[in-house]
Every structure is written in C-alpha cells, then in structure tokens.
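S.K.: Listed here are the chains, written in short residue letters.
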Amino acid sequence: MLRFIVRRVLVSVPVLLGLSVILFMFLRLLPGGGPAEAILGQHATPQLVAQISANQGFDKPLYEQYFLYIGKLLQGDFGSSFIDGRPVAQTFLIRFPGTIELTIGAMIFAVGLGIPLGRLAARHPNGWIDGMVTVISLFGISIPVFVLGYTLAFIFGVQLHWLPTSFQLDPRLDIDPVTHFPIIDALLTGNWDNVLDAISHLLLPSIALGSIPLAVITRITRASVIEVSNEDYVRTARAKGLTNRRVDNRHIMRNAWLPVTTVIGLQTGALLAGAVLTETVFTWNGVGSWVVSSVQNHDFIVVQSLVLIFAIIFIVVNLIVDVGYAFLNPRIRYS
Amino acid sequence: MATLVAEAAAPRVSSGLWRDALRRLSRNGPALIGLFFIAVFVLGAILAPYISHFDPTVGKLTDRYQGPSLTHLMGTDKLGRDEFTRVLYGARISLTVGVTAVLFGLIGGVVVGSIAGAAGGVVDGILMRIIDVLLAVPGILLAIGIVSWLGHGEVQIILAVGISYSPQFARLLRGSLLALRESDYVTAARSMGASPARILLRHMLPNALTPLIVQATLAAATAIIDVAGLGFLGLGPGDPRIAEWGEMLTDASSFLQNYPYLIFFPGAAIVISAIGFNLLGDGLREALDPRLKR
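Protein chains in written order, with this note's numbering: chain D, 1 to 335; chain U, 1 to 294.
Rather than coming from a laboratory, the hints here were simulated on the basis of the structure. It should be emphasised that the depicted structure is a prediction, and the values quoted were computed from it without experimental measurement. Each hint should be verified, as a subset may be incorrect.
As the list claims (entries may be wrong) - One side of the interface only, derived from the structure: several residues of chain D facing chain U at Cβ under 7 Å:
(1) Phe-24
(2) Phe-26
(3) Phe-146
(4) Leu-277
(5) Val-303
What the hints assert, rightly or not - Among the chain D residues that face chain U by a calculated CB cut under 7 Å, a handful are:
(6) Val-15
(7) Leu-19
(8) Pro-46
(9) Pro-144
(10) Tyr-150
(11) Leu-152
(12) Phe-154
(13) Phe-156
(14) Ala-270
(15) Leu-272
(16) Val-292
(17) Ala-311
(18) Ile-315
(19) Tyr-325
(20) Leu-328
As the list claims (entries may be wrong) - Here are the simulated SDA-like cross-link-like pairs (lysine to any residue), alpha carbons at most 25 Å apart as the crow flies:
(21) D:Lys-60 with D:Ser-12
(22) D:Lys-72 with U:Ile-130
(23) D:Lys-240 with D:Val-263
(24) U:Lys-78 with U:Asp-289
(25) D:Lys-72 with D:Thr-165
(26) U:Lys-78 with D:Thr-283
(27) U:Lys-78 with D:Gln-159
(28) U:Lys-78 with D:Pro-87
(29) U:Lys-78 with D:Val-158
(30) U:Lys-78 with D:Ile-155
(31) D:Lys-72 with U:Lys-78
(32) U:Lys-60 with U:Ile-242
(33) U:Lys-78 with D:Thr-165
(34) U:Lys-78 with D:Leu-152
(35) D:Lys-240 with D:Thr-262
(36) U:Lys-60 with U:Gly-80
Backbone N, C-alpha and C define an ideal beta-carbon position, used for all residues, glycine too.
Model the full assembly from the supplied sequences, consistent with the hints where possible.
M.R.: Listed below in structure tokens is the structure:
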C-alpha cells in the first residue's frame with residue numbers, strides 16, 4: 001500500500017513540473033510586449049517596466065528565471081499580487097477555508113440527496129420514480145451553476161426572504177475571522193445565532209454548486225445498484241430468505257459503493273472549478289472569486305499561481321481517491 | 001437478434017450499422033426531443049433577422065425595462081433592446097462557438113489520440129504525460145487561463161474551450177485504439193502487409209469512432225455552458241453590443257430584484273440547448289451500441 005502511494009506521488013511530480021513550465025511561459029509570453037508591460041497594462045512607463053523587470057528578474061536569461069521561479073515555489077513563495085502587493089500564499093490561506101467550506105457543503109448536499117435518490121430509482125428501474133430521477137439528473141447536468149444560483153437567489157432570497165444571497169456571514173455580526181472557516185469562526189463566538197447565520201449563508205451556494213455532482217452521483221448510484229442487484233450472490237442471499245433490508249445493506253450497497261466513491265472523489269475536484277462561478281454569483285469570499293477578480297484585473301502573477309495551486313489540490317484529491325479506492329477494494333491489487 | 005448476428009458478421013463498418021443506428025435513434029423518444037430542441041435553436045439562430053424585426057445591438061432608451069408583452073415577447077433590457085431578439089442572436093454565438101470549440105477539441109484529440117494509440121511506446125508515454133498536465137487543471141479553469149492569455153474574442157474562446165476539451169477525446173480514442181491493436185482483424189491486416197497508416201485509417205479509426213461521437217455530442221452541452229460561463233465572467237466576445245447568453249446574465253444580475261425575466265430567458269435558453277445535446281448524446285449512445293441499452 002505504501003509503495004502504491006509513493007509511486008502515485010512520484011507520478012504526479014512530472015505532471016506538476018510540466019505545468020510549471022507552461023505557467024512560467026504563460027507569464028513570459030503574455031501578449032503586449034513583455035511580462036512587465038502586460039502586468040502594468042496602460043500604466044506602463046519605461047521606468048516602471050525597467051523597475052518591475054529588475055524586481056521580478058524578467059531581464060535575466062529564461063533558464064535562470066525558470067530556476068528562480070521553481071526555487072521560490074519550493075519555498076512556498078508563489079509571488080505577490082500586483083493589485084494589493086500581498087503575497088499570494090498569504091491571501092490564499094485567508095480565502096481557501098471559505099472555498100473548502102463551500103465545497104464540503106455542496107458535497108454533503110450532493111451525496112446526501114444523490115445516493116438515496118439513486119437507490120430509490122434502482123429499486124424499480126424504468127418505473128415512474130426512476131423516470132423522475134432521470135429527469136432531475138438531466139436538469140442537474142444541463143443547468144449552469146450561475147443560472148441555478150440566480151434562480152435560487154431570486155426564489156429564496158428576493159421573493160421569500162428566507163435565506164441570504166451573498167457573503168459568508170452577515171457583516172453586521174462583526175465576527176472575528178480566526179480560522180477563516182465561517183462556520184467555525186461563528187462557533188468560536190459561542191453564539192448559536194451566529195452559527196445559524198453562517199449555515200444559512202452556506203445553503204444556497206452549496207445547492208447551486210452541488211447540482212452537477214448530485215446528478216452524476218445519482219446516475220452512478222442507480223447504475224451501480226442495478227448492476228450489483230443482478231449478481232448471483234444477491235439472488236442467493238434472497239433465496240436464503242434474508243430480509244430486503246439486509247440484502248440491500250449487506251450485499252448490494254457494500255459492493256455498489258466502489259464506483260460511487262470514485263465518482264464522489266472525482267467530483268470533489270470538479271467542485272473546485274465550479275466554485276469559480278458559484279463564488280462569483282454569491283459574492284463568496286473564496287479562492288474561486290479571487291481567480292475571477294485577478295483575471296479581470298490582469299493580475300497575472302496571481303492567475304499563474306492559482307492555476308498551479310488548483311492543479312496541486314486536484315492532484316492531491318485524486319491521489320486520496322485512488323488510495324481510498326485501493327483501500328476499499330481488496331480485489332484490486334496494485335503492484 | 002437477427003440484426004445482432006448480421007452486425008457481428010459484418011467485417012467492417014458498413015452502411016448497415018449506421019442505418020441500424022439511425023433507425024434505433026428515430027425510435028428513441030428522448031433523443032428526438034433533444035434533436036427538436038437543437039433544431040429550434042439552430043433555426044432560430046439562422047432565421048433570427050426574419051423572426052424578429054428588432055436590432056439586437058441597439059434599443060430605444062425610452063423602452064427600457066419593459067416586461068414581457070406582445071411587442072416584446074421577453075421584455076426589454078437596460079438599453080431598451082428587445083430581449084427575445086437578443087436570445088435569438090445569442091443562439092448564434094453559443095451554438096457556433098460551443099460546437100466549433102468541440103470540433104476543434106475533437107480534431108486535436110483525434111490527432112493526438114491516434115498518434116499515441118497507434119505508435120504506443122515512448123511516443124504514447126510522452127503524449128499522455130502532456131495530456132495529464134492539461135487534465136491536472138480542473139474544468140473551466142484551463143479555459144479561463146487560456147482566454148486571459150489570448151484576450152477577448154470568439155476565436156479565442158473556441159481555442160480555449162477546444163484545448164480544454166481535447167485531452168478527454170485523446171484519452172478516449174487512445175484507449176479504444178490500444179484495445180483494437182490486439183484485435184484479430186488488425187493482426188490480419190498487418191500480416192497482409194498493410195501499411196501502419198492504412199491500418200490506422202482504414203481499420204482502427206472507424207471502429208473507434210462511435211464512443212467519440214457520443215462523447216462529442218455530450219461535450220457540446222457542457223461547451224455551451226462553458227462558453228456562457230466565460231461570458232458570464234466577463235471573458236466573452238469582448239464587444240458589449242454582441243448578444244451572448246452568458247454576458248446577458250451578468251448584465252441582468254444586478255437587476256435580479258426588479259427584472260428577474262432578464263435572467264430567466266437567457267438562462268432558460270442555455271438550459272434547454274444543453275438538455276437538447278445531452279438527450280441526443282444519450283440517444284446516440286444507445287443507438288450506436290445496442291448492448292448498452294438498459
């Protein structure tokens with residue numbers, strides 16, 4: 001098992017190196033003259049360009065620049081924003097907890113609803129419940145998160161006034177950002193009203209972001225349960241006279257879990273990308289909305305670093321999924 | 001059963017398989033609904049100037065924010081432009097850019113995938129590592145990165161979305177080709193002295209095409225959503241006068257409270273066209289591979 005993990009980590013190294021080369025070139029080959037000119041945009045004056053080029057090392061030979069870049073990355077230095085001058089790593093640590101919380105919320109929604117729906121549909125394939133579940137999952141994959149987000153915001157925020165439609169916490173509550181996880185920060189105040197406020201802010205974005213994984217998890221659960229239900233050992237279990245419940249839990253679900261867990265893991269990575277749009281809709285102060293504002297502000301160093309960081313997170317999540325899969329499925333023998 | 005036997009006996013892709021697939025597709029209700037949705041948008045996009053006499057780019061400022069009525073079926077926006085007309089013209093951008101992006105990605109994927117799958121060995125290893133690098137950047141983020149680099153414009157969006165889609169096609173095709181390399185008829189062709197190019201083009205590619213066609217149809221649905229997503233993030237065609245569904249949503253988002261219909265109609269257009277391609281893709285999968293029929 002340990003050997004498998006080590007090998008998987010080693011395989012990721014060339015991928016990340018390759019990506020670092022592409023991102024390094026991304027910044028150097030920006031249209032508009034050179035990297036310093038592109039970053040400065042219309043503020044570019046010869047003095048400023050020279051100053052930034054010297055400051056960032058843009059005037060050195062390319063290979064030297066690349067090794068400088070990699071050396072800094074390995075020390076956890078992802079460069080600094082040109083908008084507020086703050087180190088990317090510092091802002092990232094402040095903003096990432098919000099994205100994690102949103103991703104977890106979306107996953108709870110998608111798994112909590114998707115698995116029961118998939119099991120329900122699989123119980124009577126091609127029945128009316130199955131038909132409805134198919135339609136729901138078709139909508140789930142066909143509706144963009146920003147369309148669903150605004151629809152939810154309009155119904156539950158504007159019309160019904162049930163739920164807030166922006167920010168992680170009510171700014172009037174003045175909650176100290178200690179961990180930057182909104183719910184945990186609210187818990188730290190010891191006031192339940194604050195916690196409820198944090199949860200109410202999380203609901204709509206989680207549903208919007210969770211719609212695609214909900215559809216995918218429902219589909220795969222349905223397919224997987226139907227497939228396992230046709231296995232000989234399930235028929236044997238029923239012939240033995242076991243109760244439906246026992247057959248469902250012990251014989252079917254145990255085996256149907258495997259593809260479902262894989263998909264859950266893969267969707268977690270996809271959620272990170274979906275967060276870019278969701279956070280923009282709900283003015284959620286996470287990494288996703290930061291990507292968007294950085295692109296709009298031509299803050300290329302931040303864009304470059306965030307793409308790399310997202311890829312690292314994506315690779316780590318996939319690694320956890322693979323290891324979890326090997327752990328759950330003893331039939332797979334990784335050599 | 002008879003058709004199955006006939007298909008199994010067919011030595012290569014014959015017109016029979018495609019005719020059979022077409023027959024199965026024409027009996028598939030959901031797929032026909034999907035085709036109908038797509039047809040409605042294609043016709044609407046082509047015939048837009050004949051369906052509506054309004055200008056999608058210019059409106060009367062005195063007609064701002066009118067609700068849906070007989071004159072303005074979907075109301076008017078902040079500049080008094082007819083929303084229905086803009087949704088129609090928006091279909092031009094969304095469909096052409098979305099579908100062209102998938103075709104571009106498909107061509108890239110087929111080229112890379114066939115080289116990797118047919119060559120194998122070191123070439124395959126190098127190409128697949130490059131694919132891994134592209135796949136390491138999740139979803140729309142790769143397209144965002146590429147557009148922020150290339151700048152605004154329809155061609156840039158096509159390139160960005162196309163590049164972000166090509167790895168999945170390359171992977172899919174390579175997988176099929178690697179499996180086909182060991183098949184009996186490829187061995188037979190090789191032993192008869194057929195050149196590698198001929199084996200690839202004549203024997204392997206035609207047999208590996210069906211999963212690609214299905215995947216490309218389903219990808220068209222997500223491509224339309226991604227193109228709208230880029231527009232929504234302000235990375236669209238770049239000219240604010242052009243009607244594009246994603247940008248229309250961004251424009252309307254500040255007026256959600258008072259003019260929700262400005263969000264509803266472009267939103268519904270994206271959803272319905274995506275549903276169309278998803279239904280057609282699922283139908284194609286069942287039609288092209290009857291074994292998968294549930």
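S.K.: Which of the listed hints are not met by the structure?
M.R.: Of the numbered hints given earlier, those the structure breaks are 1, 8, 11, 13, 19, 20, 21, 23, 24, 25, 28, 31 and 35, listed in rising order.
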